[in-house]
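Participant: Below are the chains, spelled out letter by letter.
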Amino acid sequence: MNLFKQFKQYPTAIIGLILIAIIIFIALYAIITIPYEEAVRLWRGNEEDTYRNPQKVPPVWVNLFRKDKFPESFSIYLTDEENKEVVVEDNSEDGLINKTYTYKFDYNYSTYLQEIILYGRNSFQEKQPFIEAFIITPDGRNIRVVNGGMSPKYVFRFSQDSKLKRRVKSDAIKGIFSTPESIKNESPELLKGEYTLVTKVRSFEENTKISVELVAHGRVFGVAGTDHLRRDISIALLWGAPIGLTFGLIAALGISILTMTISATGTWFGGFVDLLIQRITEVNMMLPFLPILIMVGTFYSKSILAILGVTIMLSIFSSSIKTYRATFVQIKQSTYIEAAKVYGASNRRIIFRYMLPKIIPMLIPGLVLSIPSYVFLEASLAVLGLGDPRLPTWGKLINDAHTNGALWNAEYYWILEPALLLIITGFAFAMVGFALDKIFNPRLREQ
Amino acid sequence: MENKTEKDVVLSVKDLRVWFELKKFGFGSSGFVRAVDGVNFDLHNRESIAIVGESGCGKTSLMKTILGLYKPREGSITYLNKNISKFQKSDLKWYSSQVGYVQQDPFDAIAPFMSIRKILEEPLIINGVKNKKEREDRIRNVLDEVRLTPVDDFIEKYPHMLSGGQQQRVVIARAIILQQHLLVADEPVSMLDASVRVEVLRLLEKLQEKYGLAVIYITHDLSTVRYFSERIFVMYAGRLVEKAPVDDLLANPKHPYTIALLTATSEPDAANAKVYKEIPPGEPPSLVHPPPGCRYHERCSKKIEGLCDVKEPSEFDVGNNHLVSCWLYK
Ligand SMILES: Nc1ncnc2c1ncn2[C@@H]1O[C@H](COP(=O)(O)OP(=O)(O)OP(=O)(O)O)[C@@H](O)[C@H]1O
Ligand SMILES: [Mg+2]
Numbered sequence: 001m002n003l004f005k006q007f008k009q010y011p012t013a014i015i016g017l018i019l020i021a022i023i024i025f026i027a028l029y030a031i032i033t034i035p036y037e038e039a040v041r042l043w044r045g046n047e048e049d050t051y052r053n054p055q056k057v058p059p060v061w062v063n064l065f066r067k068d069k070f071p072e073s074f075s076i077y078l079t080d081e082e083n084k085e086v087v088v089e090d091n092s093e094d095g096l097i098n099k100t101y102t103y104k105f106d107y108n109y110s111t112y113l114q115e116i117i118l119y120g121r122n123s124f125q126e127k128q129p130f131i132e133a134f135i136i137t138p139d140g141r142n143i144r145v146v147n148g149g150m151s152p153k154y155v156f157r158f159s160q161d162s163k164l165k166r167r168v169k170s171d172a173i174k175g176i177f178s179t180p181e182s183i184k185n186e187s188p189e190l191l192k193g194e195y196t197l198v199t200k201v202r203s204f205e206e207n208t209k210i211s212v213e214l215v216a217h218g219r220v221f222g223v224a225g226t227d228h229l230r231r232d233i234s235i236a237l238l239w240g241a242p243i244g245l246t247f248g249l250i251a252a253l254g255i256s257i258l259t260m261t262i263s264a265t266g267t268w269f270g271g272f273v274d275l276l277i278q279r280i281t282e283v284n285m286m287l288p289f290l291p292i293l294i295m296v297g298t299f300y301s302k303s304i305l306a307i308l309g310v311t312i313m314l315s316i317f318s319s320s321i322k323t324y325r326a327t328f329v330q331i332k333q334s335t336y337i338e339a340a341k342v343y344g345a346s347n348r349r350i351i352f353r354y355m356l357p358k359i360i361p362m363l364i365p366g367l368v369l370s371i372p373s374y375v376f377l378e379a380s381l382a383v384l385g386l387g388d389p390r391l392p393t394w395g396k397l398i399n400d401a402h403t404n405g406a407l408w409n410a411e412y413y414w415i416l417e418p419a420l421l422l423i424i425t426g427f428a429f430a431m432v433g434f435a436l437d438k439i440f441n442p443r444l445r446e447q
Numbered sequence: 001m002e003n004k005t006e007k008d009v010v011l012s013v014k015d016l017r018v019w020f021e022l023k024k025f026g027f028g029s030s031g032f033v034r035a036v037d038g039v040n041f042d043l044h045n046r047e048s049i050a051i052v053g054e055s056g057c058g059k060t061s062l063m064k065t066i067l068g069l070y071k072p073r074e075g076s077i078t079y080l081n082k083n084i085s086k087f088q089k090s091d092l093k094w095y096s097s098q099v100g101y102v103q104q105d106p107f108d109a110i111a112p113f114m115s116i117r118k119i120l121e122e123p124l125i126i127n128g129v130k131n132k133k134e135r136e137d138r139i140r141n142v143l144d145e146v147r148l149t150p151v152d153d154f155i156e157k158y159p160h161m162l163s164g165g166q167q168q169r170v171v172i173a174r175a176i177i178l179q180q181h182l183l184v185a186d187e188p189v190s191m192l193d194a195s196v197r198v199e200v201l202r203l204l205e206k207l208q209e210k211y212g213l214a215v216i217y218i219t220h221d222l223s224t225v226r227y228f229s230e231r232i233f234v235m236y237a238g239r240l241v242e243k244a245p246v247d248d249l250l251a252n253p254k255h256p257y258t259i260a261l262l263t264a265t266s267e268p269d270a271a272n273a274k275v276y277k278e279i280p281p282g283e284p285p286s287l288v289h290p291p292p293g294c295r296y297h298e299r300c301s302k303k304i305e306g307l308c309d310v311k312e313p314s315e316f317d318v319g320n321n322h323l324v325s326c327w328l329y330k
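First to last, the sequence lines map onto chains D and B.
Going by our numbering, the first sequence opens with residue 1, and the numbers climb by one from there.
Going by our numbering, the second sequence opens with residue 1, and the numbers climb by one from there.
No lab work stands behind these hints: they were computed from the structure.
The structure displayed is predicted, hence computed values, not measured ones.
Where hints are given, some of them may not hold.
No more than 20 Å apart at the CA atoms, straight line, and that leaves these computed lysine to aspartate or glutamate pairs for EDC-like [unchecked claim]: (1) Lys-99/D with Glu-85/D; (2) Lys-332/D with Asp-8/B; (3) Lys-358/D with Glu-121/B; (4) Lys-330/B with Glu-305/B.
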């Protein structure tokens, strides 16, 4: 209706609305694509969820801004025979596997991979299967990577194998991906071109199943990068939206509604009730908000519901009680309320249907403006290490980044991504709130 | 109940006193404002009375006490033989559907955030009209009754979209929608444009006749009492000093205060408010420390030394149902 027409006069408010819409979209996207349990599980950072992820690397799109590209992460099931990128040579006989998988990949980056891993899975009764792998470099070297028995859950990390290290006379990855002449130099020369990984597997029992996956950890990952536990940061960026928004919205709404109702009730009944509310407010206003919250977080519970509850309880009896009271005193004297008493309206009806609606327009802008401050509060507590330990949130990311020295190590993405989302949220609600303030409280418009 | 004789007593006020405590620092009393201090009168079925008196004499306090908004300090108000101070919850509910209140400032008297429909629906909902269709019908009827027509043009509107006169019609509609028997109109036209005052008074007069309402009409403008009042009560400093049928009082005022009031309003073309201030001369007395004897004696040109300033006059009947509280008529 004409609220929207008025709204259109404030371009910043429109931008704010669009930003809020985007954040809400992110929140919905998060909830729909990654169900809550799934998000909590992923955020625990279990090996089976994170083994393909490199550690502490920025998002892939940083390559758009670089001349020297960072290597991307990749992984492939070598034993997946549907896959056309892998050439299979099958010498199996009598139900005993004897296969050679050849996989070629281009390497044109100017930094080294973080790690290369071979993951093997197999089933055997008595005799272990055998695995052997070589890498053929663009300059024709044929480097034996590994040969030996395969345990049922086989993991071979290139950089942690001492034999491989000796063979290439350097760190394994560096040794393979550099020219052999420069390997003794301080910064060896990276050898670009096509590399070939040849993997042979053999089994010595019938009915043994073998799978081998090649996982290469690059220097960039995903849309948001990874953290120190190899977790995909995008999980926390996405889920930070619904958690932050819900926290902010419930806190802001809950506090406004309760404060308003209590203030109206006190004003309406007057006398002892009013006095009591006033005194509670005065005492509460002297209580230090953040220290109490920190104490609750430290000694009682870090659960987001506990923190939300305490936040609301501590904020109900705020100075707003007095601000609203001043208005309610005026409203109470309105003769429309007197008329309502004459035709028999109950106290409750008068408070909720005659007093509160009058103050709501005055309240809405403040409510909108206070949403981001509670989003920030939740983030701040997380930054202070009092976030709900299970939940992936924006504040948690900043906290992790901070405790892991992200800024010292120039891992800016880790802090900037959540910080940017927080700032956008703050701006969006502020822009809408200020416009609403001018619309609902037109006297401010002149100033 | 109502169909005995036509002149049955609807409302009976006996020695009513309404005092407001003056609070010191929010507690402790430093005296009382004696807004109503010994008021007696009977109001009959279908009767309409006017109460006149200058600003601050206690008219509104008297009405609000009758409406149950203030508690009397002493005395009683009896509505259809029931003392309203002793009402139980169910009596209160019943009473709230019996009395209608038309206030002075129509814009303040209706909630600005409610549509006209909602404003009129509230009393119906509160008084147990459960059927939505019935409520709608009654709202439409009453809007028609107060001539807010065509009804469809008004029913969805909000108070700020209406003129003062139209707002006051909404207030009147609300005061009769429960089929109330007693209407209290506290200066219903004093805030309105001079051009619509007569229309609104005519409307009240018409409704009074049509529904046989008992009406208490409060005003400080004597020129408007003729519209629909049968008797006039003159109020001074918390008391009724003269009660008489309209024609009798206007033709033959007895109390010196009434005479002074009438002189003020009969000035042919003077702006009423201005003259009103000059005559009668002097200020009304303090309601916290009212003077001994007759409360008017300090301003009275005919006061009897040693009597008027010592002893309170009682009510004297000068005949023709004309009562006056003045020692001149003992
Ligand atoms: N709620 C209250 N608390 C304290 N004093 C009050 C209250 N209501 C009225 N008074 C005082 O009682 C006296 C009578 O007031 P009241 O409003 O009844 O006069 P009135 O005749 O209606 O005047 P007006 O013509 O200006 O409306 C005034 O002195 C007023 O200040
Ligand atoms: Mg008044």
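Participant: A separate judgement is required for each hint: does it hold in the structure or not?
Facilitator: Tested hints:
Between Lys-99/D and Glu-85/D the alpha-carbon distance is near 16 Å, which keeps this suggested pair within the 20 Å criterion. Restraint check: the Cα-Cα separation between Lys-332/D and Asp-8/B comes to about 37 Å, which exceeds 20 Å; the hinted pair is violated. Among the hinted pairs, Lys-358/D with Glu-121/B is consistent with the structure: their alpha-carbon atoms are about 18 Å apart, no more than 20 Å. Between Lys-330/B and Glu-305/B the alpha-carbon distance is near 15 Å, which keeps this suggested pair within the 20 Å criterion.
Hint violations for this structure: number 2 only, all remaining hints satisfied.
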